[in-house]
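Listed here are the chains, written in short residue letters.
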Amino acid sequence: MLKLLIILNLILLSGQVVLSFGRATQGAHLAGLQNRAQTLAAENQRLRESIYSASSLSHIWVLAERLNLQPRSVNFLIPLPVAAARP
Amino acid sequence: MKWRLVVIQVFFALFSLSIMLRLGYWQVVKAAGLASEAVSQRQSFLELPSPRGEILSSDGFPLVTNKEAYLFYVNPKQFVFSPKLNQILPASASARLSAIPDNLSWYLIARYLSTPVRDQIQDLKLTGVGFEPDPDRYYPEASSSAHFLGFVGQDASGRPQGYFGLEGYYNRQLTGTPGKLVQEKDALNRPILIGDQNLLLPQPGSTLTTSIDRTLQFIAYQKLSAALTRYSAVSGTVTIMEPSTGRILAMVSLPNYDPASFGEFDQSLYKNPIISDAYEPGSTFKVLVMAAALDTQAVQPDTICDTCSGPVAVSDYVIKTWNDKYYPQSTMTEIIQHSDNVGMAFVGRRLGKRKLITYLKKFGIGQLSKVDLQEESSPSLRPESTWVDIDLATASFGQGIAVTPLQMLRAVSAIATRGLLPRPRIVDKINNKSVSVPPPTQVISSNAAAQMTLMMVNAVDSGEAKWAKPKGFSIAGKTGTAQIPVSGHYDADKTIASFVGFAPATSPKFAMLVTLREPKSSPWGSETAAPLWFDISKEILRLLK
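Line order of the protein sequences matches chains A and B. Counting from 1, one number per residue, gives the positions in the first sequence under the UniProt record's numbering. Counting from 1, one number per residue, gives the positions in the second sequence under the UniProt record's numbering.
FYI, nobody ran anything at the bench for these hints, they're computed from the structure. Please note that a few of the clues may not be correct.
As the list claims (entries may be wrong) - Below, a sample of chain B positions facing chain A; criterion: calculated Cβ distance under 7 Å:
| id | residue |
| --- | --- |
| 1 | P62 |
| 2 | E68 |
| 3 | I192 |
| 4 | F218 |
| 5 | A505 |
| 6 | K509 |
What the hints assert, rightly or not - Under 7 Å between C-beta atoms, here's a sample of chain A residues computed to sit facing chain B:
| id | residue |
| --- | --- |
| 7 | F21 |
| 8 | G27 |
| 9 | L30 |
| 10 | A31 |
| 11 | Q45 |
| 12 | S56 |
Since this is a predicted model, take the numbers as computed values, not measurements. Ideal Cβ placement from N, Cα and C applies to all residues, glycine included.
Build the full structure now, drawing on both the sequences and the hints.
Pasting the structure below:
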């Protein structure tokens, strides 16, 4: 009976050592995952910024002007209404 | 021989006792200190930054959001300077680099560095440098909404703090609560899973959904920018409101500043002129005085002015019309149509100063509108006892009295909505929960508002600005040209040109006020502010169809 208890105790101790070792070494894996999560979050934020920038009206306006999709601006030397009101 | 044995025994006994005492000292007397030192060696404390809340337009597009940025610091005891840093960092940071004190172990060099700049510094592989996440504000629509958004600076302890506009007014809601991560780490800085861990997640700031229509905001910004150039005006504002609810649809003021780099601009540009700058409204004010006179039945639309045939003397002053043309036997409708100062002096006399002041207060003149923007201010109405006859006469055509553009637009919105004065506001929802707003208050009767609306429609159809009106729309409006008071008298050359109105007149979708300060091409509101108003309104009516 005593031998059995000693063997059982040794098995449990061995198991504890193996599990503790395993959990302790998982820290490296966790650190890697944390870094990966941070990188992806940063990348996600950069992509969101790009989407906002590309879909902003001011950006679309500039693109449209480059593609000649906007009417050319007219510079009035004198205000049109004053000119039109003159005989 | 025996005494030698005794000496050795005593020696070993004393040696054992000293070890026991030393162990006792460490384990009992110094136990707490050593334990905390051990914990501090393996335990790391990390503050997790909480993102500041976003500010969205009515369609959910961010007007302000956050972007990735970094705080750059050095440990002066380990840091070795590289001249390449000066080429990478902004000038202000380079100046701090050249004055690093030796006695510190942490010294801030720069904040809000972009990711590429951080990467460039990291590539130099310098010792004694470090970075921390330091989120910055990002404005996808650039500076077009600067005045009502405000900006984020720092408070006395270096924490982000909103100033002006929505950032200032809703600073508490926009500011999140930082999180904390306490974790045990090994010698290689890897987490120890069997150690203690304590994670408190950061609480992000609330998201504000505004009533701003970003398309209208952009159109107003573009048109106002072009108008300032076209009319050579010093500054200008455009404010568009949904009159039935008081929701601000667009709010633009130029010149403005870039909230992303606010420190590079003059501080006088920070405040929003639409809510904090007072101006004399000129003829646009006539609609409020006439509406009050109609509501009290001091006049009717067809009441004849029997003093409109020429200039009128009031005390030691002579009241004239703006163009020195006179229209004898004018009706009230024609007085508004011709923007007749003499006719308005007649209306003012009929109304009386007590009732005029009462109605001005009802319209919200001289009081804060309580719009949800920081730094609102209001010129106060003078007490009734200080008003003399000339004050009543000039106030009835909008001189000698001051309002903010928002007060003026709000008051005219009451005419658009059958006499109901709205409470202006910009934020519709906080974290998708609707913001409650007090209901509008009745300031004039529905009948008086309808009569005033017809007069304003007639003023647009037959008045000084009729040539600029878009065809096919029923628009109620009024031009205004006010001289600017300088050192106790009016400047002969400088004016504030304005136009206020709403459309469609029968069922208004928007009310808008345009002001242009010191236009050079023409001083008149009918030739500067009115064309701009109609130009923007064409786009709005097309969009709101």
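Cross-check of the supplied hints:
no. : hint : result
1   : P62  : 6 Å, holds
2   : E68  : 5 Å, holds
3   : I192 : 5 Å, holds
4   : F218 : 4 Å, holds
5   : A505 : 22 Å, violated
6   : K509 : 21 Å, violated
7   : F21  : 10 Å, violated
8   : G27  : 4 Å, holds
9   : L30  : 5 Å, holds
10  : A31  : 5 Å, holds
11  : Q45  : 5 Å, holds
12  : S56  : 4 Å, holds
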